[in-house]
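Visitor: Two chains, two frames, some hints: make the complex.
The listed protein sequences derive, respectively, from chains A and B.
The numbering of the first sequence is numbering that gives the first Met the number 0, which starts it at 0 and goes up by one.
The numbering of the second sequence is numbering that gives the first Met the number 0, which starts it at 0 and goes up by one.
What the hints contain is simulated information worked out from the structure, not anything from laboratory work.
Here the structure is a predicted model, which means the values were calculated and not measured.
Possibly wrong hints are sitting among the right ones.
As a list, the in silico EDC-like pairs of lysine to aspartate or glutamate whose alpha-carbon atoms are at most 20 Å apart [to be verified]:
| id | chain 1 | residue 1 | chain 2 | residue 2 |
| --- | --- | --- | --- | --- |
| 1 | B | K249 | A | D56 |
| 2 | B | K18 | A | E95 |
| 3 | A | K217 | A | E30 |
| 4 | B | K83 | A | E84 |
Covered by chain A, per the in silico footprint, the following chain B stretches (three or more residues, Cβ under 8 Å) [said to hold, decoys possible]:
| id | region |
| --- | --- |
| 5 | 4-17 |
| 6 | 72-86 |
| 7 | 90-100 |
Between beta-carbon pairs, the in silico distance windows are [what the hints assert, rightly or not]:
| id | chain 1 | residue 1 | chain 2 | residue 2 | range |
| --- | --- | --- | --- | --- | --- |
| 8 | A | R14 | B | V19 | 32 to 42 Å |
| 9 | B | P176 | A | D165 | 52 to 62 Å |
| 10 | B | L33 | A | E116 | 45 to 55 Å |
| 11 | B | H40 | A | R14 | 55 to 65 Å |
No residue lacks a Cβ here, since even glycine has one placed at the ideal position from N, Cα and C.
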Amino acid sequence: MSAAIAIHGVHKRYRSVHALRGLDLTIERGEFFGLLGPNGAGKSTLINIIAGLARADSGSVSVLGHDVVSDYRQARRRLGVVPQELVFDPFFSVREILRIQAGYFGLGRANDDWIEELLAALMLADRADSNMRALSGGMKRRVLIAQALVHKPEVVVLDEPTAGVDVELRHSLWEFVQRLHRAGHTIVLTTHYLEEAESLCDRIAIIDHGNLIALDSKAALLQRGMGQRCSVTVMLAHPLAELPSALSAQLKTQEGPRLQFTLDREHGSIVELLDALRAAGAEILDLQTEQADLEDIFVELTRRDRHESARTVHTVS
Amino acid sequence: MNPHGLYTLFHKEVLRFYKVALQTLLAPMVTALLYLLVFSHVLEDHVQVYGGVSYTAFLIPGLVMMSVLQNAFANSSSSLIQSKVSGNVVFMLLSPLSYLEIYLAFVFAAVVRGVVVGLGVALVATLFVEVPVHSVAALLAFAILGSAVLGSMGIIAGIWAEKFDQLAGFQNFVILPLTFLSGVFYSIHSLPAHWQKVSHFNPFFYMIDGFRWGFFGVSDVDPLFSLAVAVAALGGLAVVTLAMLSHGYKLRH
Ligand SMILES: Nc1ncnc2c1ncn2[C@@H]1O[C@H](COP(=O)(O)OP(=O)(O)OP(=O)(O)O)[C@@H](O)[C@H]1O
Ligand SMILES: [Mg+2]
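Looking at chain B on its own, in the form it has when it is part of the complex (with noise of 0.2 Å):
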């Protein structure tokens, strides 16, 4: 192992989100609180989610959740496809970094954008709403497992698209409809029953339902349930993402 080469990517993954926050941080809190003052707005008196729990409080852990997985993708994927388009990505693989240990870098920075980023939103959001707080550990445990499933997405992606166009695309036809079909908005018992099946095959509507759960103790599916299904989307993504970098797929030609 080469922990302090792990540490170093790690660090500098950081670092480069870090020196532009204004767009890495800032812009998806701001984003996320439109979406909290516009939905709760229209939708509070429509839409019937759990009892006892205003739309509005319900709608928070979803925005949070969203924003953890977007930016948890969005940290290593845009990383990944400006290194390759730029060239630089070479100084990483001159390296003696294992695959290993580029996965693990990556991943960890991209949790740390997520949860930084779910945070702030979190911070915010609860000024507007009070939002009970049923269990932190559950709380933090979803997260971390979202964005290191997202974050390896993104590494899945960000190793797979050569132009920042097919990228976009990644994002709008497979991150997008999954964060927003997995009950970000609303609670799945509110859909007609063949799309409540539908939803039980996206590992995203676990995620948000197991960390909403660690808001309100309340939840659509059990919450070990989803802790065992999101444990699986990230080992299943974890052995892709290292396959893919251990036989050099689109980067070592």
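Chain A with its partners taken away, still in its complex shape (with noise of 0.2 Å):
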């Protein structure tokens, strides 16, 4: 069975940036995906690339095994995209755009039925009959998420639909896409936000420079690199005279009585750490460990991704 998204070398030039450096990238049918990466990295780029807004140079697309460009009437058919952008047609009213959409798509009154749940599901039933200028942008971004959805594609991608929308929207959001997800959709989601990546996706892609720099499941990436070591804070009674040379290698910040260490899973637990500041007289009033999240391997990734990037044009200069 052909993937719900099969990208292959693509290349995209736009005069002096190179936007995209010959990603691969197969997203699963069903699955949450999160295409994360800095500002620039070439998501939105590569979205267009997928909804044929875009060309690429050399490399191809397909979606649910229609290339987006020889079949791209079949590829679009499967594919819903909700853009980065907040644009819209002000001519029309939120029914009268839905319906438009859907006409493009050649479906006509029987769709009707469907665009009124999707009014309803996105709490927009009531403005239905509103002009777009009148909307304010949480509701130009859910008329965005209907106008994408109108065609029932198979294939949902959204660029960043939680950019600028207040914290109650944003969640009943996540849960809509949460059901959309649970109905059988293969989403693709951008975000800032990494906690939401965290909480909603199943597999995540981290792009940067247009260069595909981590690619693994939401847990494997966790565990990865930063997700071995673990983070102890230890409050002591008083501070300690001299700390136990053993200890100093792990030692991060020292501010009188309260002691942060580094620990690699590997080399060392916290049982040894903690007996290792007893046998040194300490005495133990707090412990607080933290796992790494998301967050931190992000920035871990994409600075080591800016140092080589650095070293390579330093070679090549």
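Guide: Shown next, in the form of structure tokens:
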């Protein structure tokens, strides 16, 4: 069975910018996939190529086995895209917009029930006859989502759907997208809210400078690198006169009685750390441990990517 | 084919101008009638046209066709530039509509706008002067072909222009001269020989001349030849427009 989205060797240049540098990525059916990366990484460019809004210089992309260039009609019927920009047509009302969009896909009045369902699910029913101009930003965002779903696409790509959206709406959008996912849709999401990706996505790709720098399940990504380390903060009754030399390598910060250690799971456990402290005569009042989250990994990986690309630039010059 | 999709885009384009009819239908009619009042009064006794046809009667078909052409152009070009600048052109581009379907929808809508404005101008103008009708078929054929030609040019201009002032430039430096130098206000036989020759390279001249023949049965050139020129112009422009659309020129980056 063909993948939901298959991307092979995609390059894209905009004059001086090499926006995508030979990207390979396969998103399977039914996945909840997160596409992460700093500003300008190439996420929207990739989405535009998938959607046919931009053309790759080389490489190929297919949606459910349909090439997005040579078989664009079939590919686009299976794909719903929520663009990053809040674009709208000021001539029409919400319901008119949705009917027009459905019409482009060849769907007539028989699709009206689905449109009403979408309006209700996205809490737009009472604004259905308002002109697009009269809607708030959050409402326009929801219309964009409804527009992307109007033809019941199997694969849904959302480019920062929660940017500029208040907390309450963000949570209801998460629920809505999760419901779509449970109903069998493949979801691809980009976001700059890493806790959003962490709580929603099964698998995550991180791109930077047009390169894929990480691609793994969320769990494996969290395990990786930083995930193996944890940070331990110990509060002592009195500052230690002298830190046992065995612990100095793991010490990160020290502020009087407050010591922070970074532990590498392979070399040393929390128990050993505490034993060593007690042996040195410390009286432990409190203990905090912290796992790395996606944000740490993201920062770590994109920083490493910066260093590496800085180095390549250096060797070239 | 996706006939319902084509119809939807066409219908949307028609609704778009219908919703602002004051500006898109009424205003051009008023403009054309102002031209008619001013020019017919000033020039009635000074300009010689065909024998037996008064200048005002001669002017009416020219003004009607000018309104048809300008409004057909305005419809597709302004719709495209607006949706490009505001970004909502993506909704059409995300759909499975083919290049041909997009082209046809825009051209059909341009024809509707052109013909409706032309009809309005004609009806009101004939309240002032009586104009004979020689061939309704010729009138329809030239009005439809002419607005399709200008609708296609509007698509080209709307795709090419990135800003409103570029579109205005196209309108002022291409469309306006071609219209004014096509014999809207005069018979080209009243021009010096040199300018007569130049006029024969202007496809708008044939569209207006053929249209005028539909009223009077008299024309500067053979109406069948004019028809052939209009068809050829439409064919050539269709090829260019479809090529631009299929390459995604300035639409799919
Ligand atoms: N139409 C365009 N013309 C020129 N350059 C472009 C165009 N679109 C994107 N770029 C460039 O390509 C690079 C990638 O941009 P892209 O929009 O894909 O980033 P992104 O990952 O979506 O960023 P963000 O998180 O800010 O949305 C950027 O350097 C951008 O300036
Ligand atoms: Mg983006």
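Visitor: All hints, please: hold or fail.
Guide: The hints, checked one at a time:
no., hint, verdict
1, B:K249 with A:D56, "15 Å, holds"
2, B:K18 with A:E95, "13 Å, holds"
3, A:K217 with A:E30, "12 Å, holds"
4, B:K83 with A:E84, "13 Å, holds"
5, 4-17, "holds (count 8)"
6, 72-86, "holds (count 3)"
7, 90-100, "holds (count 8)"
8, A:R14 with B:V19: 32 to 42 Å, "37 Å, holds"
9, B:P176 with A:D165: 52 to 62 Å, "54 Å, holds"
10, B:L33 with A:E116: 45 to 55 Å, "52 Å, holds"
11, B:H40 with A:R14: 55 to 65 Å, "56 Å, holds"
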